[in-house]
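Undergrad: In order, the protein sequences belong to chains A and B. Heads up: the first sequence begins at 0 in numbering that gives the first Met the number 0, then just goes up one per residue. Heads up: the second sequence begins at 0 in numbering that gives the first Met the number 0, then just goes up one per residue.
What the hints contain is simulated information worked out from the structure, not anything from laboratory work. The model shown is predicted, which means the values in this text are computed figures rather than measured ones. Where hints are given, some of them may not hold.
Mimicking BS3-like on lysine-lysine, the simulated pairs with C-alpha atoms at most 30 Å apart in a straight line are [to be verified]: (1) Lys105(A) x Lys105(B); (2) Lys104(B) x Lys41(A); (3) Lys223(A) x Lys39(B); (4) Lys105(B) x Lys41(A); (5) Lys9(A) x Lys39(B); (6) Lys160(A) x Lys39(B).
Residue-level listing of the chains:
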Amino acid sequence: MTQPTNTHKKGWYEVQHRVAPYLFIAPFLVTFLIFGCYPILKSLQLSLYATNGPKSHVFVGFSNYRFLITDPDFRTAVWNTLVYAFWSVFFQLPLALGLALLLSQKWIRGRAILRLAFFSPNLMGQAFVAVLFGILYVPQYGLVNRALHPLMPHLIPLDTKWLQNPSLVMPALVLASLWMYVGFNMIYFLAALQAVDQDLYEAARVDGAGPWHQFLAVTVPGIKPVSVFVLITATIGSFQLYELPYLMLNNSAGPKNAGLTIVMYLFQNGFVTGDLGLASAIGWSLALGVLVISLGQLRLTGTLRNEMQAGKGGKAR
Amino acid sequence: MNRDQKLSPGRIAAHILLFAMAVVVLTPLVWLVAATTKGKNDQFHYTFFAPTITAQNFLDLFKKTEVLQRNIWNSTFLASITVLVQLFFSSLAGFSLAKYEFKGKKPITILMLATLMIPGQLTMAPLFELLHRLGLVDTYLGLIIPGAVSVFGIFLFRQSISQVPDELLQAARMDGCSEFGIYWNVVMPVSRPMTGAFCLISFMGTWNSFLWPQIILHNRELFTLPIALSQMVGVYSQEYGMLMAGTLIAVLPVFILFLVLQKEFVAGLTAGAVKG
Numbered sequence: 000m001t002q003p004t005n006t007h008k009k010g011w012y013e014v015q016h017r018v019a020p021y022l023f024i025a026p027f028l029v030t031f032l033i034f035g036c037y038p039i040l041k042s043l044q045l046s047l048y049a050t051n052g053p054k055s056h057v058f059v060g061f062s063n064y065r066f067l068i069t070d071p072d073f074r075t076a077v078w079n080t081l082v083y084a085f086w087s088v089f090f091q092l093p094l095a096l097g098l099a100l101l102l103s104q105k106w107i108r109g110r111a112i113l114r115l116a117f118f119s120p121n122l123m124g125q126a127f128v129a130v131l132f133g134i135l136y137v138p139q140y141g142l143v144n145r146a147l148h149p150l151m152p153h154l155i156p157l158d159t160k161w162l163q164n165p166s167l168v169m170p171a172l173v174l175a176s177l178w179m180y181v182g183f184n185m186i187y188f189l190a191a192l193q194a195v196d197q198d199l200y201e202a203a204r205v206d207g208a209g210p211w212h213q214f215l216a217v218t219v220p221g222i223k224p225v226s227v228f229v230l231i232t233a234t235i236g237s238f239q240l241y242e243l244p245y246l247m248l249n250n251s252a253g254p255k256n257a258g259l260t261i262v263m264y265l266f267q268n269g270f271v272t273g274d275l276g277l278a279s280a281i282g283w284s285l286a287l288g289v290l291v292i293s294l295g296q297l298r299l300t301g302t303l304r305n306e307m308q309a310g311k312g313g314k315a316r
Numbered sequence: 000m001n002r003d004q005k006l007s008p009g010r011i012a013a014h015i016l017l018f019a020m021a022v023v024v025l026t027p028l029v030w031l032v033a034a035t036t037k038g039k040n041d042q043f044h045y046t047f048f049a050p051t052i053t054a055q056n057f058l059d060l061f062k063k064t065e066v067l068q069r070n071i072w073n074s075t076f077l078a079s080i081t082v083l084v085q086l087f088f089s090s091l092a093g094f095s096l097a098k099y100e101f102k103g104k105k106p107i108t109i110l111m112l113a114t115l116m117i118p119g120q121l122t123m124a125p126l127f128e129l130l131h132r133l134g135l136v137d138t139y140l141g142l143i144i145p146g147a148v149s150v151f152g153i154f155l156f157r158q159s160i161s162q163v164p165d166e167l168l169q170a171a172r173m174d175g176c177s178e179f180g181i182y183w184n185v186v187m188p189v190s191r192p193m194t195g196a197f198c199l200i201s202f203m204g205t206w207n208s209f210l211w212p213q214i215i216l217h218n219r220e221l222f223t224l225p226i227a228l229s230q231m232v233g234v235y236s237q238e239y240g241m242l243m244a245g246t247l248i249a250v251l252p253v254f255i256l257f258l259v260l261q262k263e264f265v266a267g268l269t270a271g272a273v274k275g
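Throw the hints in and build the complete structure from the sequences for me.
TA: Right, here's the structure in full:
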């Protein structure tokens, strides 16, 4: 399994041993500096310029940001993105956790197949899911109406125009996102549940804790780090929504911009119109928004944890 | 809950609920397959499969969109190269972080973590400008080079390689193996499961990616499958069977790879999250 480097000189051998870790990590450092670090700094500068394609630049100060604040389209994009992020995460995570809790029970038959079934939509890229759902949402004949109409005849008529009616575009997006991501998040919850120390359950049972108390005292603190991770990644992912509405709505932002998102707005202004300065300002707005919300979530879950531990301490002893 | 009861009503209900939900989740996929087999007139006549099955949708697909074969080849080529490049550089860097002590290791690790939190959209405009200056717009290199090293992959490999026993590396060193030789002949062969997982994750990422290829690729000859499909949606929005045939072709390779690498994939996906 080894290839002795012939009668190697001791000096060379020493040198390569010392240099190796740096050499191995160098590709990351080089690509990061050129394609990560430089563009981040550059975008800060670029956001203060009006540009037309990659060539012509004019310094405009903060007017890109001022434009964004006053542009009704940008406001629509931000609003839509926030609404989507809220509802998709709001439904995704409890559903994913519920499925994971059930699937982690040893007495469930066919767990492997069930897990595979729930996860499978995630293998399709968002773009492909969008094309599929664009057709599933067709009025009259689409599968969604065919399935939901018999269940809710008054609420959902057979000719419900999910993608033509501005007020239905968001529910349509959230539903598609549930289909796509619940199983994905479930995998994380399942892994977390399996990592919880089983002895803790036994101890809680000995202490006379029922299933609900076991859940609160053992499961919740046990899966908390992963839950926070899932919450934050799901939120960040929702903020980057683009392909799903764009392709589902036939390469557009939909009726009355009902499917316009921040990233779609960025693409249209930065790369269709060609204003890279404005695109950078949008990028920074998005990054700061994501940062603020992630930090807020960390704060929120951090305080929650302290309460939980206090409650657990009270109960266990 | 009584643990000795084999089939309590609650347990039966749980099974019914889970299997019903699985059916709901799988229905769109079954519908997708069914839609590709139906002729135009049958498309909405039958909700799922029609009595007569036709290959017309696939024939139309290749006749009307003469470039599609090209797009399939493009996607395959691009994804394979990207996977190989990312696999090599990410595992190498992961090895470095897992098995060596060196100056600057900590700041580099923190730097990597920080990059995971920056949304890619932030750098798209300046990156496009940079690639334009380098002459890489409208080339696959413009897609491959900026993402040549996957930070996610580095962490994945750092985690799995740190479990390789140090004695194994020492023994190789005694044999006069160079550090790169250790990586190539010792570390990578024992990291097979993680390699499989990473290849699939990386392949999916490239195969499904849309926004950045949409920005970088302008020449139709270079379009990847998602981009080609989005063009088809614009032109043939009423040709449901054909669109679904294109979608099926586009998602099938990932499904097949997944079925082969399922176990490793799930382990790889959750490795960082559970331990961290």
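Undergrad: Work down the list of hints and note, for each, if the structure agrees.
TA: For each hint, the structure was consulted:
1. Lys105(A) x Lys105(B): violated, 41 Å
2. Lys104(B) x Lys41(A): holds, 26 Å
3. Lys223(A) x Lys39(B): violated, 51 Å
4. Lys105(B) x Lys41(A): holds, 26 Å
5. Lys9(A) x Lys39(B): Roughly 75 Å between the alpha carbons, so the hint for lysine 9(A) and lysine 39(B) is violated.
6. Lys160(A) x Lys39(B): holds, 22 Å
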